[in-house]
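Just so you know, the protein sequences line up as chains U and W, in that order.
First residue of the first sequence: 421, per our numbering; consecutive thereafter.
First residue of the second sequence: 421, per our numbering; consecutive thereafter.
Simulated from the structure, these hints should not be mistaken for lab results.
All of these numbers come straight from a predicted model, not from anything done at the bench.
Watch out, some of these pointers could steer you wrong.
The list treats identical chains as interchangeable, and a pair is accepted whether it falls inside one copy or across any two copies.
[What the hints assert, rightly or not] Calculated lysine-lysine pairs in the DSS-like style (CA-CA distance at most 30 Å, straight line):
no.: 1; residue 1: K496; residue 2: K550
no.: 2; residue 1: K479; residue 2: K550
no.: 3; residue 1: K424; residue 2: K460
no.: 4; residue 1: K550; residue 2: K595
no.: 5; residue 1: K568; residue 2: K595
no.: 6; residue 1: K599; residue 2: K496
no.: 7; residue 1: K451; residue 2: K424
no.: 8; residue 1: K595; residue 2: K424
no.: 9; residue 1: K599; residue 2: K424
no.: 10; residue 1: K578; residue 2: K599
no.: 11; residue 1: K599; residue 2: K460
no.: 12; residue 1: K599; residue 2: K423
no.: 13; residue 1: K451; residue 2: K595
no.: 14; residue 1: K599; residue 2: K437
no.: 15; residue 1: K451; residue 2: K599
no.: 16; residue 1: K460; residue 2: K550
no.: 17; residue 1: K550; residue 2: K599
no.: 18; residue 1: K451; residue 2: K423
no.: 19; residue 1: K592; residue 2: K550
no.: 20; residue 1: K460; residue 2: K568
no.: 21; residue 1: K496; residue 2: K424
There are 2 protein chains.
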Amino acid sequence: MDKKELTVASRLIYHGKIIDVYEDDVLCPNKETAQREIVKHRGGVGVLLEIDGQFILEKQFRYAINEVIIEIPAGKLEVGEDPLESAKRQLLEETGYHPFTMFHLGDIYPTAGYSSEVIHLYYSSRAILKQRQLDRDEVIDLITLSLKDIEQLILENKIKDAKTIAAINLYKLHKEAGKI
Amino acid sequence: MDKKELTVASRLIYHGKIIDVYEDDVLCPNKETAQREIVKHRGGVGVLLEIDGQFILEKQFRYAINEVIIEIPAGKLEVGEDPLESAKRQLLEETGYHPFTMFHLGDIYPTAGYSSEVIHLYYSSRAILKQRQLDRDEVIDLITLSLKDIEQLILENKIKDAKTIAAINLYKLHKEAGKI
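Build out the structure end to end from the sequences listed, making use of the hints.
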């Protein structure tokens, strides 16, 4: 059986700078009709950066959850931007590190239930420190943690960011498989 | 320094059944002003269910990404619903399993950049099979996988769902720490 839901009607509700919002009517594979509220997002990147056996993470206030959280360096794709180039750009801007090598850990869907967003995750362990170039509305503190520290923070639920927890899982699996 | 961004103005753009969308003007801690596009979401739950050493996952078409994906049983909170009760309800509805015990793996932010959503993650290894009660617009296939199978699918980037990858990481850390 084809599992796809077919679009019957699509209404643009909001055209923002970061997200577009649509309200769609769909026909389900079981012939039921349903309404889907959908956020369209260009996608983003995240980079797990390891320097001399330590990982460079960020502490950043996130307005949507009204909290300072710990997360890997990350950001949104520009229009038409290649994910790998975007990852290199964002890493330099946010941390000051220019990476020489980037390993693709995988792509993840943070919120498949209502958002089209894909986050492309990378790992780098070879980078040179240059100059940070934060956006004017960005306030980001850098922190340096060992893998053990990070795993303890995940276990204690002090790191709650899904892409960061997923990136650590992907890193460990690729490490165990001898791929990085 | 206080890291918070202060709300200067908040405009409701869309009031949906699943999401509300706001466009807010904020004052950043560095005194810059910025606009934030925010999705408000009641939050959700996800359950990693282990039966006789195998995990029960789902294959489900997700309209927002136009793809059938593999993920743990999950769903949205009803208004005022307790996360633990919601997790038990959704597990029964989607898989037919009524859990006797539920271990709280942790809470995650799937998309802290623009959504208020929190997903409460649980683990259960004691459950009895009853009757599934899918919503009329839900079409979900159940699949049974070993931890090794799941990790291979994550490594091959065939499981891309962030909450599922995060849940596996949290499960392994709690297991290693002797907590489950």
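Given a CA cutoff of 30 Å, do K550 and K595 count as a within-copy pair, a between-copy pair, both, or neither?
within (27 Å within a copy, 40 Å between copies)
How would you label the pair K451, K595 (within, between, both, or neither) given a Cα cut-off of 30 Å?
The answer is neither: 45 Å in one copy and 43 Å across copies each exceed 30 Å.
Measure nothing new, just compare the shortest in-copy and cross-copy C-alpha distances for K451 and K424 to 30 Å and report within, between, both or neither.
within (11 Å within a copy, 47 Å between copies)
Evaluate K451 and K599 at a C-alpha cut-off of 30 Å and name the case that applies: within, between, both or neither.
Answer is neither: 45 Å inside a copy and 45 Å across each miss the 30 Å cutoff.
State whether the alpha carbon distance between K460 and K550 is at most 30 Å within one copy, between copies, both, or neither.
Neither. Shortest intra-copy (34 Å) and inter-copy (38 Å) distances fail the 30 Å Cα cut-off.
Homomeric proximity label, K599 with K437: Cα distance no greater than 30 Å:
Answer is neither: 37 Å inside a copy and 44 Å across each miss the 30 Å cutoff.
Up to 30 Å between alpha-carbons, please classify K451 paired with K423: within, between, both or neither.
within (11 Å within a copy, 50 Å between copies)
For K460 and K568, with the copy left unspecified, which applies at a CA distance of at most 30 Å: within, between, both, or neither?
neither (36 Å within a copy, 34 Å between copies)
Reference check for the pair K568 and K595, CA-CA at most 30 Å: within, between, both, or neither?
both (15 Å within a copy, 15 Å between copies)
With identical chains, the pair K550 and K599 could be close in the same copy or across copies; at 30 Å between alpha carbons, which is it: within, between, both, or neither?
This pair counts as within: shortest intra-copy Cα distance 28 Å, inter-copy 43 Å.
Between K599 and K496, at a C-alpha cutoff of 30 Å, which is it: within one copy, between copies, both, or neither?
within (27 Å within a copy, 37 Å between copies)
Up to 30 Å CA-CA - K424 versus K599, copy category
Neither. Shortest intra-copy (35 Å) and inter-copy (40 Å) distances fail the 30 Å Cα cut-off.
Of the numbered hints stated above, those contradicted by the structure are hints 8, 9, 11, 12, 13, 14, 15, 16, 20, listed in ascending order.
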